[in-house]
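Chemist: Listed below are the residues making up each chain.
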Amino acid sequence: MSPLLSSIFSTGFAFAILRVMTPLLFPALGVAVSELAGSINISLEGIMLMAAFFGVIVSAFTGSLFLALIAGMAAGVMMGALLAYFHLKMKADIIMGAIALNMFAMGMTIFLLYIFTGDKGSTSSLQSLVFPSIEIPLLKSIPILGEIFSGHNILTYVALLAVPFFYVLMFKTPLGLRIRAVGQNPHAAESVGINVDKIKLYALMLSGFFGSLGGLYLSMGYVSWFSRDMTAGRGFIAIAAATLGGNMPLGVLLSSLLFGFVNSIAIYIASLNVPSELIQMIPYLVTLIALAVFAMRAQRIKNRVGEIQEHFDEDAVKAVVKDVLKTGGES
Amino acid sequence: MENILQVKNITMVYPTGVIANKDVSMDVKKNSIHAIVGENGAGKSTLMNVIFGKIHPQEGEVLYKGEKVSFKNPNYAIKAGIGMVHQHLMLAPDLTVAENMILGIEPKKGKIFLDTVNALEITREVSKKYGLDVPVDKKIKDLPIGVRQRVEILKALFRNAELLILDEPTSVLTPQETEILFETLINLKESGKTILFISHKLSEVKRLADTVTVMRDTRVITTRDASDLTEEKIAHLMVGRDINSGRIGEPENPGNIRLAVKDLSYVDDENVQILKDISFDVRAGEILGIAGVEGNGQSELISIITGLLKPADGSVSVDDNNIIGLSPRQIRELKVSHIPEDRMENGVADMASLEENFIVDRYYKSEFSKNGKINWKYIKDYSVDLIKRFNILTQSSKTAAGALSGGNIQKVVVARELSSNPELIIAAQPTRGVDIGSEELIHDLLKKARDDGKAVFLISADLDEILKLSTRIIVIYDGHITKQFTDCSNISGMDLGPYMLGVKMEEGASGKIHS
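Residue numbers (our numbering), protein chains in the order written: chain A, 1 to 331; chain B, 1001 to 1515.
No lab work stands behind these hints, which were simulated from the structure alone.
Treat the hints loosely; a few may be bogus.
To be verified - Partner residues aside, some chain B positions facing chain A, computed with beta carbon under 7 Å:
#1 A1092
#2 P1093
#3 T1096
#4 G1104
#5 F1113
#6 L1114
For every residue, glycine included, the Cβ atom is placed at its ideal position computed from N, Cα and C.
One chain only, chain A, in its complex shape:
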């Protein structure tokens, strides 16, 4: 077997997929919440940057992992709230608002980075903390499974748990129902007394919350420092992952795994003698292909559903007509 194939079929590779998937799954869930609320948040890139930065800085200056977690999450939720403010209060286009936030986060983190460290590149001069990795008792002693699933950063497990959490939140609580109702028909929600803006604000803050965990993982788990633009487009790939997953929890998990897989391959191929520029293209290329395939499939499904619906109507109407005629069409 070639060295590449043998490394792909190793447990180390499977382990890497989960590791690489984590900073995609969080923001993808963030995008999904916002999309279900009908106000898509494309500022996950900026949200993650801010969370990653504040997590590192607070941990370095306070030495507290807990405070770092709070600071990172606060930064993400604030970004979400800020977007809601632009979009709902100031009536700005949500895409424009999100683009502005992304650029703001990029500049702001570099600016603050320089203030705090005197360096515009990274926080490598600071002593910052990382979230611990966890060996899962029992599981770790099972041969292959243990090697794949045990020993990850705690945030990777949080990411996996975030999927059922997302499901329960969106489908088993009144808030989730309201978020979905607002996303599907805001007028309907309004007509039964739901405050549409408030629900959208909550959804965008939730979006920021999910995104912030992705950012924290990047700078305090994946690596142990903050560097400029370290999100490297993950916030955007997350949009593709959410769309591909139909904004549904399981779908988002699977599409994040797919992107995690592709990213891992890119990392593994890098050890071979191939131009790195080509390799770096792979994840984005796969994103494009996946979205195109998805769009074609969705169109086909839509056509089918449309037809089925037509037939449903027709039969129902005919049944009704016959009924009416039988029970006294002359009245």
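With chain A fixed as given, assemble chain B onto it according to the hints.
Modeler: Leaving out everything else, chain B in the frame of chain A:
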């Protein structure tokens, strides 16, 4: 009987300066069905929105159950026991019936979780209590529109509505769904509810209402017992003049065959045979009406004739030109015009201005553009002329089509299609959801087109319209023609019914004059 609602001297002026209600007063008796009729723009919807607390009038007051009320927003109206069923239903399409029912007042399990089982149970109970059958666990988007409306009514009843306001409830329904709705409303009245409904279909009003309030030009003209009024009388009050509702006269004598459809079949992507061996002709100077329950192949037939669909078999020719395979523009170049059945879907671009909508099929002609540059100055004059000729109510020719009322949007479509100097007019549901005045105008225009020697192919779910206008009628059922009536002067809807349902069928029926 006591009044559940009294409206006194309401005057409503919108911020734009448009006066929508002028000194409007009306009493609604408890436990009755009260209809408000009037043409589009007469002020009916404004009055409903005032009652419901959506907008607040400059003058006048609303008394509900004898007490003066001024609802800050619709939520207060709902709490007081007023429910509204909007014309555009207020339902979330991807949620189930039960989820839509309990939205905003969700039953909880523990303190945090949604009690989905209880939600289904509640919905079943309400549905049973009022005898309105709905599939509680189906998604709204999978339900026909009539059932969706029932969900909307149940939603209001679940929130303890005693006064139910329905805004043009039948405009989106088929005749059969309308029947069911009427039964529902009568049952609700018998169970003690009060129904206030807006309509401009007089036969409905006459059948259903106990009391009728007629509005015209922002004012209330009169409120009377329905038994004191005839349809003609209501029409007269609404429009301020007599309306001709009888059958139009027969044409002189039809000329050459303009549209010839021969052995046409269509099979859809699901392999369902939608059209089977359809043959008919339409001649110059006649109106051929096609009657049938919607969904029996009419839409596909129109799409094929206008170049939007390709048939499986058969031929369609316009003036001896085979049009199968031609593009819609090439077909239009043969002097064919098409009033599509869904004006919002295929008739206008709702965000585009009237000017843009008027020239969308002819912008490339030398009259409208030269050297690749569009002559907007000329188009403006052209549009203003059309607006005047077709009596379209709009602020200006630059107004977005979507900003107009339904009837006026339809007039925009009709204006475009009839001003292209067509020889063959495909008119699908030409007056669906438009007010009487516009309906009369459109009928007159179609009659005039016929008298000018144009061929008109009329597709309508409104049997009265078919019977009023058609020179000949063909009936379609399940994709084939079940009957042709060549003499339409003495037939009624009851004669068409059995053929529309496929209960009766004429051997080898086709719409051809000469076989």
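Chemist: Hints first: check each against the structure and report whether it holds.
Modeler: Each hint, compared with the structure:
Contact between A1092 (chain B) and chain A, as hinted, is supported at the beta carbon level, the nearest pair being about 4 Å apart and thus within 7 Å. Interface restraint check: P1093 (chain B) against chain A, minimum CB-CB distance 6 Å, threshold 7 Å, status holds. The beta carbon of T1096 (chain B) is not positioned within 7 Å of any beta carbon in chain A (closest approach about 10 Å), and the interface hint is therefore violated. This hint holds: G1104 (chain B) has a C-beta 4 Å from the nearest C-beta of chain A, less than the 7 Å allowed.
With its C-beta approaching chain A no nearer than about 5 Å, F1113 (chain B) sits inside the 7 Å limit, and its interface hint holds. Satisfaction of the interface hint for L1114 (chain B) is found here, the shortest Cβ-Cβ separation to chain A being roughly 5 Å, below the 7 Å cut-off.
Checked against the numbered hints above, the structure violates only hint 3.
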